[in-house]
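Keeping their order, the protein sequence lines are chains A and B.
Just so you know, my numbering puts 217 at position 217 of the first sequence, and the rest follows in order with no gaps.
Start counting at 1 in the second sequence, then tack on 479, and there's your number in my numbering.
You can take every hint at face value.
Sample of chain B residues at the chain A side, in silico, Cβ under 10 Å:
no. : residue
1   : G730
2   : D804
3   : P815
With beta-carbon atoms standing in for the labels, derived distance ranges:
no. : chain 1 : residue 1 : chain 2 : residue 2 : range
4   : A       : G287      : B       : E573      : 54 to 62 Å
5   : A       : S22       : B       : P829      : 15 to 23 Å
6   : A       : A451      : B       : E577      : 54 to 62 Å
7   : B       : A892      : A       : R242      : 51 to 59 Å
8   : A       : G423      : B       : E573      : 52 to 60 Å
9   : B       : A885      : A       : L452      : 38 to 46 Å
10  : A       : P335      : B       : E900      : 56 to 64 Å
11  : A       : G423      : B       : A892      : 56 to 64 Å
To be clear, the hints were calculated from the coordinates, so they are not data collected in a lab.
None of these values were measured; they are calculated from a predicted model.
Virtual Cβ for every residue (Gly too), placed ideally from N, Cα, C.
2 protein chains.
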Amino acid sequence: MPDHDLDLLFRPRAIAVVGVPSTQEGPPFPFFRGLLEMGFTDETSEAPGRLYPVNPKLSTYQGLPCYPDLRAIPRPVDYVICAIPAAAVPDLLEQCIEKGVRLLHLFTSGFTETGDAARAELERRIIARARAGGVRIIGPNCVGFYRPAARVAWSPGFPREPGPVGVLSQSGGHAAQLVREGGLRGLRFSTVVSYGNASDLNETDLLRYLAHDPDTSLIGCYIEGPRGGREFFPALREAAARKPVVVLKGGLTEAGARTAASHTASLAGTAAVWDAAIRQAGAVRVGDLEELEDLLLARQFLGRLSGRRVGIVGAGGGNVVQAADEAIRAGLEVPPLPAEARAQIARFTPIAGTIIQNPLDTIAENWSEAFGDTLIALGGTGAVDMLIAWLELGWAVWKYTGATEARIAAAVAQLARARTETGLPLAAVFRAPPDPEAWAHYRSLAARTAALRIPLFPSIRRAALALARLAAWPAGGER
Amino acid sequence: MPDHDLDLLFRPRAIAVVGVPSTQEGPPFPFFRGLLEMGFTDETSEAPGRLYPVNPKLSTYQGLPCYPDLRAIPRPVDYVICAIPAAAVPDLLEQCIEKGVRLLHLFTSGFTETGDAARAELERRIIARARAGGVRIIGPNCVGFYRPAARVAWSPGFPREPGPVGVLSQSGGHAAQLVREGGLRGLRFSTVVSYGNASDLNETDLLRYLAHDPDTSLIGCYIEGPRGGREFFPALREAAARKPVVVLKGGLTEAGARTAASHTASLAGTAAVWDAAIRQAGAVRVGDLEELEDLLLARQFLGRLSGRRVGIVGAGGGNVVQAADEAIRAGLEVPPLPAEARAQIARFTPIAGTIIQNPLDTIAENWSEAFGDTLIALGGTGAVDMLIAWLELGWAVWKYTGATEARIAAAVAQLARARTETGLPLAAVFRAPPDPEAWAHYRSLAARTAALRIPLFPSIRRAALALARLAAWPAGGER
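One chain only, chain A, in its complex shape (with noise of 0.2 Å):
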């Protein structure tokens, strides 16, 4: 099956998920809620897709009938998730050949990852028996596949709407933190695919299809070491061509490859090499999965940046020095403020408690027109690419009156309004403490922000970090 045939296995019309819990204790079964969640069995919709539980103890699941096995299920299945233990992977493997299932995920694991050499041989004999019989497989030791638009979620908590983001990620648990929490700041997927022991579908193939699916424009990867051998490296330089690719890299360390071989049984490589060869391939390398998350998120929103001239409205003293080595480290420049505007801002800002310079602390109230006054004056000046508000939404104001989703609202109303009257690519900055109410409004600040196609970082660190990687982007291609 050539790689764009895989759109066609990512789009099912009906599910089976093999192996649903037998008790109603604990969490619910995420590969089921996650499917309820998304509208998988709406058959209302235009598209209804049926989604069949097969456990045989049970006769109905969550609402739905039941089934003792896959033979049993009276209509067609093109994906079947398993979640049964790898000894009863072979029978299951013969039902799907039988009912011409498309895709097989095994989120089953206990395979080759163990070090164990009939474990190993087991994956070896499903593989062969489902390219024989026309199956594909995802996995195993994974957690299958994301796609809003085909109503697909192997967990609750995902986003609804498709967006241009395609992932593919060797580890289920980057990939849902991925979705989950970059979905709160905006994120938007067309396909997330976690791959695991990649027997089959492997993260070439991922990338090829991500890099010539017409829903996906930039591509992000967690890998730990790619099955494909020596066709990886091509496919990434094809895909980098074409869009922008992120890569994390797992398991660069001794340590790190010696635990990346016992979870994905993966050969690892050296970390020299890696980052040679995806610079080569004009795909960008970042650290870790929160750098991973915040760069995908500020290329969806911004693009790339034309300068690294940064102008910065911070939030209090010790925040704005900090601010100012954060983002000369990352790689920006951080222009003086030129006189003139120095004496614009001047106008309408205290002398007392304020520092009108670049980075700039006002005391102005983030909530206030004086706020966005000072945005536009620094952005009008011609010295700066770029503006970050550091927003200081009082944590102390929110514990003893109620106005902060109002003042939330008007800060992110004079945001909007500085990008439009500068003209420049904006990125903010809100740093959460580690208190309940925070985060209630922590959520709704990403929502309001992510509407606006603004970036939002939980510090100045990671968003400086991210916003110079923007302006440091290979150049070439589409990108």
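Add chain B to chain A, keeping to what the hints say.
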């Protein structure tokens, strides 16, 4: 006044807050609320403090009699917090001298840090007059001091119990964040002084004081540019010879230095000079405020570490690969798991979905005996000098079941058991997702780990960096 007499300044029996707000609208005035929360007006205690609000427009404030000026207060006052405009400070200072006030804290800003010559001259005149009149000054342009044993705090939400950590910070915002957020994780303080423009009491005075203070056994500093000039480095050397000292230097880049000049009128110096000088003094430099908080916390609970070999029990395959990479990058060693321990752990750990290596990914739930047994087997190998337990308390579980608090208590009990049975230093990692419920549980988890003197970190990166610094602490003295 010799430095050790600063102790007297920081034990006021009566405090006047000059310039409490005339309006009851808005959030409560933090200075006043901080003092009330700490119990400063409690006349039934053995060391009753008396609190006097001053504002000529009010007869009472927050239920206490309010005075038009200092002269009208019927009893002696030791400490004055000044929150009135700069132009009114000289008259207040005369009143302080008349009443024999020991210490005047100028929250008031708008002096030298503005770059305005007349305002700088006003600051100089105030300091000269204070010296002649026997009044010491903190500030201007700072939030003052926090000393729980004397029931003084400049803001609400600070811990009431004292502890071993002394802090001097040129930024009040940084100091407040350190106290509040470090406080949640168990950091406890002797004296925290924010000193702003340092026009009288400066970082050298404060460092010497903390170096000799019997209640302080660990010192943290946030410095922009020392006023004490050449005296600072000898004071740092002396302090670091007596106690562990951690230094965060703000304004190490050109832009940061320019900003620091406007923040606290400081000359910030070059990175190379500071880096070498701090190292030569035997102190430890950190890169940002989070690192300062983390290292003080780790040092307070764990002291120095005798080796750099770490055993990590993790949560999720991608996470433990990342854990290995982060530990190595931070400078720790991650030795392989000896075969005997591997066999022992395999006896009670399923082979599927786990990684029985170091780092170790176990599906043993964190609140189970098997989780404690895993830590004990890893720690009992003799192959590691410390343990890190990365907790994954099940975000999904929290959303649908009510058992989280019991599980947190059980998980922490397993940590305590593992520490007792292995005799090894132990740190915990818990990454709270951006969810209000998760942060409510974070606070509970942090309180429980703090009570056991287990440092808790929000990421493996931060844990690894702090532990690596403990293992690499400069030798000599009482450090």
